[in-house]
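Chains A and B, in that order, give the protein sequences.
This note's numbering puts the first residue of the first sequence at 40, with every later residue one more than the last.
This note's numbering puts the first residue of the second sequence at 440, with every later residue one more than the last.
Okay, derived cross-link-like pairs now, DSS-like style, lysine-lysine, Cα gap no bigger than 27 angstroms in a straight line:
| id | chain 1 | residue 1 | chain 2 | residue 2 |
| --- | --- | --- | --- | --- |
| 1 | A | 391 | B | 699 |
| 2 | B | 801 | A | 460 |
| 3 | A | 86 | A | 122 |
| 4 | A | 408 | B | 796 |
| 5 | A | 460 | B | 699 |
| 6 | A | 292 | A | 266 |
| 7 | A | 452 | B | 699 |
| 8 | B | 796 | A | 452 |
| 9 | B | 463 | B | 482 |
| 10 | B | 796 | A | 460 |
| 11 | A | 460 | B | 812 |
| 12 | B | 703 | A | 460 |
| 13 | A | 452 | B | 703 |
| 14 | B | 482 | B | 673 |
| 15 | B | 703 | A | 408 |
| 16 | A | 245 | A | 162 |
| 17 | A | 408 | B | 766 |
| 18 | A | 118 | A | 283 |
| 19 | A | 452 | B | 812 |
Everything labelled a hint here was simulated from the structure, so no lab data went into it.
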Amino acid sequence: MYSGVTRGMKEDNIERKTCLVTGGIDLSTNCRKASGPVYMDNSSTTKPFPEVVEAMSSVYEERFGNPSSLHRLGSESEKLVRKARRSVASLIGAGENEVFFTSGGTEANNWAIFGSLRSAGSKFKHVVTSSVEHPSVMAAMEYLKELGYRVSVVPVDREGLVNPGEVVSRVKEDTCLVSIMFVQNEIGSVEPCREIGSMLSRMGPKRPRFHVDAVQGFAKLDIDVEKWGVDLLSISSHKIHGPKGIGALYIRKGVPMHPLIFGGGQEQGLRSGTENVPAIVGFGLACDIWARNTYKTRDRLFELRHRLIDGIAGIFADAVLNGPEHENAAPHIVNCSFPGFRGESLLHALEKRNVFVSTGSACSSHRTKPSAVILALGKGEDEALSAIRFSMSPFTTVEDVDSTVSALEDALKELRPWRQKTT
Amino acid sequence: MERVLLIRYGEISLKGQNRRQFEKKLQENIEIAVSAIDVDAGKRVSKSQGRLYVTGIQTQFEHDYLEALSCVPGIVAVSPGFAVESDLETIKQAAISAVKQAMPEVSPPATFKVDTRRADKDFPVKSPEVNREVGAAVLRNVPGLAVDVHNPSIHLTVEIRPGHTYIYRGQVPGPGGLPVGTSGKGILLVSGGIDSPVAGYMAMKRGVAVDALHFWSYPITGERARDKVVDICKVLRKYNPHLRLFVAPFTRIQTEIMDKCPEKYRVITMRRMMMRVASRICRNTGSLAIFTGENLGQVASQTLESLSVIESVSDFPVLRPLICFDKVETVRLAEQIGTYDISILPYEDCCSVFVPKHPVTKPRLDAAVNAEKRLDVKQLAEECAMNTDVFDIG
Numbered sequence: 040m041y042s043g044v045t046r047g048m049k050e051d052n053i054e055r056k057t058c059l060v061t062g063g064i065d066l067s068t069n070c071r072k073a074s075g076p077v078y079m080d081n082s083s084t085t086k087p088f089p090e091v092v093e094a095m096s097s098v099y100e101e102r103f104g105n106p107s108s109l110h111r112l113g114s115e116s117e118k119l120v121r122k123a124r125r126s127v128a129s130l131i132g133a134g135e136n137e138v139f140f141t142s143g144g145t146e147a148n149n150w151a152i153f154g155s156l157r158s159a160g161s162k163f164k165h166v167v168t169s170s171v172e173h174p175s176v177m178a179a180m181e182y183l184k185e186l187g188y189r190v191s192v193v194p195v196d197r198e199g200l201v202n203p204g205e206v207v208s209r210v211k212e213d214t215c216l217v218s219i220m221f222v223q224n225e226i227g228s229v230e231p232c233r234e235i236g237s238m239l240s241r242m243g244p245k246r247p248r249f250h251v252d253a254v255q256g257f258a259k260l261d262i263d264v265e266k267w268g269v270d271l272l273s274i275s276s277h278k279i280h281g282p283k284g285i286g287a288l289y290i291r292k293g294v295p296m297h298p299l300i301f302g303g304g305q306e307q308g309l310r311s312g313t314e315n316v317p318a319i320v321g322f323g324l325a326c327d328i329w330a331r332n333t334y335k336t337r338d339r340l341f342e343l344r345h346r347l348i349d350g351i352a353g354i355f356a357d358a359v360l361n362g363p364e365h366e367n368a369a370p371h372i373v374n375c376s377f378p379g380f381r382g383e384s385l386l387h388a389l390e391k392r393n394v395f396v397s398t399g400s401a402c403s404s405h406r407t408k409p410s411a412v413i414l415a416l417g418k419g420e421d422e423a424l425s426a427i428r429f430s431m432s433p434f435t436t437v438e439d440v441d442s443t444v445s446a447l448e449d450a451l452k453e454l455r456p457w458r459q460k461t462t
Numbered sequence: 440m441e442r443v444l445l446i447r448y449g450e451i452s453l454k455g456q457n458r459r460q461f462e463k464k465l466q467e468n469i470e471i472a473v474s475a476i477d478v479d480a481g482k483r484v485s486k487s488q489g490r491l492y493v494t495g496i497q498t499q500f501e502h503d504y505l506e507a508l509s510c511v512p513g514i515v516a517v518s519p520g521f522a523v524e525s526d527l528e529t530i531k532q533a534a535i536s537a538v539k540q541a542m543p544e545v546s547p548p549a550t551f552k553v554d555t556r557r558a559d560k561d562f563p564v565k566s567p568e569v570n571r572e573v574g575a576a577v578l579r580n581v582p583g584l585a586v587d588v589h590n591p592s593i594h595l596t597v598e599i600r601p602g603h604t605y606i607y608r609g610q611v612p613g614p615g616g617l618p619v620g621t622s623g624k625g626i627l628l629v630s631g632g633i634d635s636p637v638a639g640y641m642a643m644k645r646g647v648a649v650d651a652l653h654f655w656s657y658p659i660t661g662e663r664a665r666d667k668v669v670d671i672c673k674v675l676r677k678y679n680p681h682l683r684l685f686v687a688p689f690t691r692i693q694t695e696i697m698d699k700c701p702e703k704y705r706v707i708t709m710r711r712m713m714m715r716v717a718s719r720i721c722r723n724t725g726s727l728a729i730f731t732g733e734n735l736g737q738v739a740s741q742t743l744e745s746l747s748v749i750e751s752v753s754d755f756p757v758l759r760p761l762i763c764f765d766k767v768e769t770v771r772l773a774e775q776i777g778t779y780d781i782s783i784l785p786y787e788d789c790c791s792v793f794v795p796k797h798p799v800t801k802p803r804l805d806a807a808v809n810a811e812k813r814l815d816v817k818q819l820a821e822e823c824a825m826n827t828d829v830f831d832i833g
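In isolation and in its complexed conformation, chain A is listed as follows:
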């Protein structure tokens, strides 16, 4: 059924140039692309919206002032930052003054953890998190252990979901922080943050602070910090077609917070350093574009997701979906294991066919480390070593999905002699 596409691909590839985005600002239409590589790695990073690049370059060229400067160039920049802050805040239901720009998601997560611990005081020595957090949370937690904190790691079920009741049950007298991610970055499971938040809210004034790493779910799914009862929430720009090097931490008004970075007192004295104005402007604009398109985009992404899952099942019966199938699944992530195949080889075989994906595993000398997230689902090493993540964006088209499936069919055929017997 896909052989036509496969046959056409070789000639196509010659003409395919790097034009990932030729569509306009309306994300709901299937933007027609002449041809191009199929980028299915949008959870790693995204191509910035053309409007974002344009806006940023004009800031670089014309409005390069330092927001702290007293002259006109400075106050112009300050206004730009304020406008962008409002755009970011409105996408998560926050107030303008509750959004603090950071260098990205990793800094936001680190700040959320270490900043709130420091302000909680030394009586509080316990934190709660999940077994599938992003390394920027996981590694910080490891460091907390070295500092003498107790860290409760709540396991996930086979779909990668934590049980909200179990999370809350781990809270002790001296728990100062609960940190649970919103959308799991490798498998796309949507964690019950809203439930956890409301359960924690009912614990009264002595409840621990609730931090959500929302980097993967931000903009793609609704976030309402008020309704969820979230105290701290991390987001990043380059996952939503904004520039790299900029992100933000939402800090609920009234929540005491220590800075990690000291200096000139920017960001209400909590995050010093001259504002990265061009990136902030780009981030704000990306948020505006999403705000106008979220609902249409989401439905379309879910359709593409199902098409991809069906397509994979159609060409490889042994494929195993990692993460939730429908309910509690993010619209843009499909993670599949191909038992017997090596994820990295599959990745390169797809890359050879101009389809770009990622594996959850990291390679070290002579040995490939299986994905810790897939293992946390209770799956075997074989499934953890053979997992591939396809992650889509508003620019992904039906044709992209179909090309991906046919490239995958081809790649699996090429690598068949390398397939290991699975136990």
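Add chain B to chain A, keeping to what the hints say.
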């Protein structure tokens, strides 16, 4: 007062009839090495009485010159110094400068010694007297210095030649051995691991003009596996600036082996295929030998049985400079030549899939031949060699 580098070469001066040719090659290689620092420096390399000199060294680049020359096979040692007029006062001034420059490099208490060689017998002052005069001048002008004729921390040599005098201090050792290109050409199999670059270095040190051959298994491994070999080759170019990297597309052969050969003999078959391809590359490039980083007994494919079964398909001698090295010795050399830090970087390795759990350790030739009976070895090797390209290492 001109800054110069004095280059001593050892072994090649023994080589009788070939001596001139060897010296010419060394001079060429030195010219290339110094040209990388300053395009005109090549023209300032000269030979005189069993030594080579580079003149007109810019102070700020002296260190770069020393480092580059310390990598040129055939060089025994390089000494930095000055060339001056053969006049005692001028010599004294140059000696003072040289010692002052050396002072920060030695740990106190600084001691020194002057050694004079009066090659120009017309120079009116005799060697012991020059020693005394120069020594006294240095002592007077450089504070915190004492004389130690037995074990000085700064060893100053004054060489009085017809026309001019060289004053130089200390020496930086070179690799020794023979100039690259005086022992013919060879093909080095490079994997990205620790051993093969060291084997290549040793071959180059014995004068072999080495080219590297890497078997690349895309898409089983990615571009980063190849990039790593490129980085290693960049380092090896310090020793042989002409080194080329050949990249052989190896996936088809490995896939056929996975498909058609018994698991136990997979690695032996693969190594035999590498030898067949390498033999063809040797022939095409006029090379005379295949060099590998193999080391006795390190892994299953490196037992004596394995090595002999593997090399039986090679049309050229398979030379293994590290054959009797311990791992620590190889590592030490890898660190010394500057490839170790690259080799230990993580990289994707197709071996985790390709190497069976129980490879044969004592293969038999008849069994190895039998293992590849379903492969069209000749055609596969031919195709792989034909598609092998020189990869630009920049």
